[in-house]
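Listed in order, the protein sequences are those of chains A and B.
Residue numbering for the first sequence follows our numbering, starting at 1 and increasing by one per position.
Residue numbering for the second sequence follows our numbering, starting at 1 and increasing by one per position.
Some hints could be false.
Treat identical chains as interchangeable: a pair holds within one or across any two.
As the list claims (entries may be wrong) - Lysine to aspartate or glutamate pairs mimicking EDC-like chemistry, simulated, CA-CA at most 16 Å apart:
no. : residue 1 : residue 2
1   : Lys78     : Asp45
2   : Lys366    : Asp331
3   : Lys386    : Glu402
4   : Lys109    : Glu190
5   : Lys258    : Glu215
6   : Lys2      : Asp45
If you are wondering where the hints come from, they were derived from the structure by calculation, not from laboratory data.
Please read all numbers here as calculations on a predicted model, not as lab measurements.
Number of protein chains: 2
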Amino acid sequence: MKYSIIAIGDELLIGQVTDTNSGWIARHMTPRGWDVNTVQVVPDDARQIGLAIDRAFAQTDVVLMTGGLGPTKDDITKPTLCRYFGGEMVLDKAVEANVRQVMERRHLKLNEYTRLQAMVPSSCRVIQNEVGTAPLMWFEREGKVLVSMPGVPFELQGMMERAVIPQLLARFNDGEDIEFRTFVVSGIIESALAMQLDEFERNLPQGIHLAYLPEGGIIRLRLTGSSTDASALNANMERLSRELHDILGTHIIADGDKRLPEILGERLRERGLTLSTAESCTGGNVAHDITSIAGSSDYFKGAVVSYANDVKMELLGVNEQDIIEHGAVSDPVVRQMVEGVCRVIGSDCAMATSGIAGPAGGSPTKPVGNVWMAAKCGDRVISQVKQLPGDRSRVINRATLEVELLLLSLLS
Amino acid sequence: MKYSIIAIGDELLIGQVTDTNSGWIARHMTPRGWDVNTVQVVPDDARQIGLAIDRAFAQTDVVLMTGGLGPTKDDITKPTLCRYFGGEMVLDKAVEANVRQVMERRHLKLNEYTRLQAMVPSSCRVIQNEVGTAPLMWFEREGKVLVSMPGVPFELQGMMERAVIPQLLARFNDGEDIEFRTFVVSGIIESALAMQLDEFERNLPQGIHLAYLPEGGIIRLRLTGSSTDASALNANMERLSRELHDILGTHIIADGDKRLPEILGERLRERGLTLSTAESCTGGNVAHDITSIAGSSDYFKGAVVSYANDVKMELLGVNEQDIIEHGAVSDPVVRQMVEGVCRVIGSDCAMATSGIAGPAGGSPTKPVGNVWMAAKCGDRVISQVKQLPGDRSRVINRATLEVELLLLSLLS
Chain A
1 MKYSIIAIGD ELLIGQVTDT NSGWIARHMT PRGWDVNTVQ VVPDDARQIG LAIDRAFAQT
61 DVVLMTGGLG PTKDDITKPT LCRYFGGEMV LDKAVEANVR QVMERRHLKL NEYTRLQAMV
121 PSSCRVIQNE VGTAPLMWFE REGKVLVSMP GVPFELQGMM ERAVIPQLLA RFNDGEDIEF
181 RTFVVSGIIE SALAMQLDEF ERNLPQGIHL AYLPEGGIIR LRLTGSSTDA SALNANMERL
241 SRELHDILGT HIIADGDKRL PEILGERLRE RGLTLSTAES CTGGNVAHDI TSIAGSSDYF
301 KGAVVSYAND VKMELLGVNE QDIIEHGAVS DPVVRQMVEG VCRVIGSDCA MATSGIAGPA
361 GGSPTKPVGN VWMAAKCGDR VISQVKQLPG DRSRVINRAT LEVELLLLSL LS
Chain B
1 MKYSIIAIGD ELLIGQVTDT NSGWIARHMT PRGWDVNTVQ VVPDDARQIG LAIDRAFAQT
61 DVVLMTGGLG PTKDDITKPT LCRYFGGEMV LDKAVEANVR QVMERRHLKL NEYTRLQAMV
121 PSSCRVIQNE VGTAPLMWFE REGKVLVSMP GVPFELQGMM ERAVIPQLLA RFNDGEDIEF
181 RTFVVSGIIE SALAMQLDEF ERNLPQGIHL AYLPEGGIIR LRLTGSSTDA SALNANMERL
241 SRELHDILGT HIIADGDKRL PEILGERLRE RGLTLSTAES CTGGNVAHDI TSIAGSSDYF
301 KGAVVSYAND VKMELLGVNE QDIIEHGAVS DPVVRQMVEG VCRVIGSDCA MATSGIAGPA
361 GGSPTKPVGN VWMAAKCGDR VISQVKQLPG DRSRVINRAT LEVELLLLSL LS
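Make a model of the complete structure from these sequences and hints.
If you want it as structure tokens, here you go:
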């Protein structure tokens, strides 16, 4: 089943807010056999919204629309939908009561603008927003469906799961089964991987294809198959998964669409090991990444961000002479950082980073992007230096990924 | 000047990668007077790419296209562009030399797939990619321009700044001046803000408008004006800025499109104060946010992420009895955390968080989203508790913002 997404909002088009809703919708619709045809991002402009709906309906029968429903004047989605689908703007008492309730729960007063939320086109069926004030609206005409949803990610996600996805699945049903397998691959670049998989790809059965999803130093391989014969599809996917493992061996670091901190967490949990981090250039991002995983408190004990050198020395016990001789960005320093943080936090394993995130601070011998990393697990300590490309944020993110891969190699 | 963006890639449509390129492009084109008409996100599919180009050219003369240029088989942009603009695929010796150089710099070997990067449509003018292997391609036909660029953010950004933006500005020039003013507003909800600005908005001169850009607990107000009379426009914008300050007073925490850690950094730097963080539920995200700002090492000394209670006690000196009596998520604990981290890190100011990020760990009295925060500056310590909505990642991000606002109130 194909559908289109329309994301509305000047703030998306000028780049002040990134549209993460479309990705979220896709991640939750695809496993149910729904493929996005295209995403259109359009401004808070009646004509552009109308054109986008025309274009979407020309290709798919279902359109999911996000945003443009805020109470302020730059939002004009509702009247536009009213003109498109006919009818007039009417006050919906149930929506009004809901808005009042939501505002009370947040200890806020209902005002003229929030009250406007209760005006909806008479041509729609309202889906009550249980977590916010903007109502969801289900429009249907000549077999085509458009659902307008709030752009606030938290509200969108809650209401998609509770109402929109179940109602779409009930309304449309084409009997085709979809299966996905994702494999997380590291230690090989995309072009080399493609060469290794050349024959595998050429021999893929009809209805099954392979996609490469590189991100940072990791490549996700996604095998997708669709068929009306679910059991034959499943057998094929099983066989192809085994073949991929045979071809790629330890390059596959995980089955499933897992993030690296999740993979690390599973390995640590299996072995009953605890973790800490000692961070200079990553500034807490490694700890943040590790703790983005629910349940990470089972193995993650804490971190020391030693941005200043005196914190490296006083809190982590890094030798001052080594900083003077080798610099803060050096092998002896990151090795002492992992040792020190395991000692002060009381953990079995640790990761450490020290580098030049930029844009300033680089030198000919240690240019921006130069990062030393160490990982410790029990008695084993390993370290590496990498020259990472890109700006400050890219260096920080890439260093985070590289030091996590380094620790993973100790846990394999 | 209006333009369209087309972002190509199955990985964008299935939500495994978020399209941040379109936002980046917009943020760098808008100040030059270029407005995005629409963004279309389409799959690696020749027909969809062709349709998207048709739709874009129907509305604008300039199309910026990103992605779909990787060396693996799921990328089919180049042959599609070749069919669209005519000509044939030819080997470009300069691109081949560039690919070889880039690969050597990365200590990688040229293989069959990377060599394919050197094949380009004869109908385009190549812009050499100085930071990656995929060449940029400038197509022009009947006054319409399409520029195809790599989807890797780092490569796209480098080449937009070095080549694409200057060449677009040279090629098109409509003589209209654009001015932007952004104001960061806090401590007021969007609908209440809209009511306060009702009269201001109704009296805005022609060609000037106001947009609300709420994000988390902060609202950005953006005043945009365009005119062929640059000095009249500038005078108007000056006057309106003063009026906004008069109406909103201390609700405006900064002029300009600044992020909160940047505003905090400016205040700390002005006063010569240093900063540290003590984090439980935010897991290092506050430190990460602070250090995302270039130059933050001038005032940020370090952080202790005390995820486990024994780290709170041993490293930060939090009283065990208080944890037993009040729980780790409590006023006395966050107050002792800011005191402790200032002591062990040796900083003047600090922020601390302790809360239930979820999804597990909630209780009737302390549900998921319950977060205690403290801020310290010199002798003054303040604290607050917030009940934050949303999932784990939203609670972490919102707690980060709220504790930063708390510290800001001490620095005002």
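Hint by hint, here is what the structure shows:
1. When the C-alpha separation of Lys78 and Asp45 is checked against a cutoff of 16 Å, the pair qualifies only within one copy, where the shortest distance is 11 Å, while the shortest distance between copies is 33 Å.
2. In this homomeric assembly, Lys366 and Asp331 come within 16 Å of each other (Cα to Cα) only inside a single copy, at 13 Å, whereas the closest approach across copies is 44 Å.
3. Proximity of Lys386 to Glu402 under the C-alpha cut-off of 16 Å is restricted to the intra-copy arrangement: shortest distance 8 Å within a copy versus 35 Å between copies.
4. Taking CA atoms no more than 16 Å apart as the test, Lys109 paired with Glu190 passes between copies only; the shortest distance there is 12 Å, against 55 Å inside one copy.
5. For a Cα distance limit of 16 Å, the shortest separation of Lys258 from Glu215 inside one copy, 13 Å, qualifies, whereas the shortest one across copies, 28 Å, does not.
6. Taking identical chains as interchangeable, the C-alpha atoms of Lys2 and Asp45 lie at most 16 Å apart only when they sit on different chains, with a minimum of 14 Å there against 26 Å within one chain.
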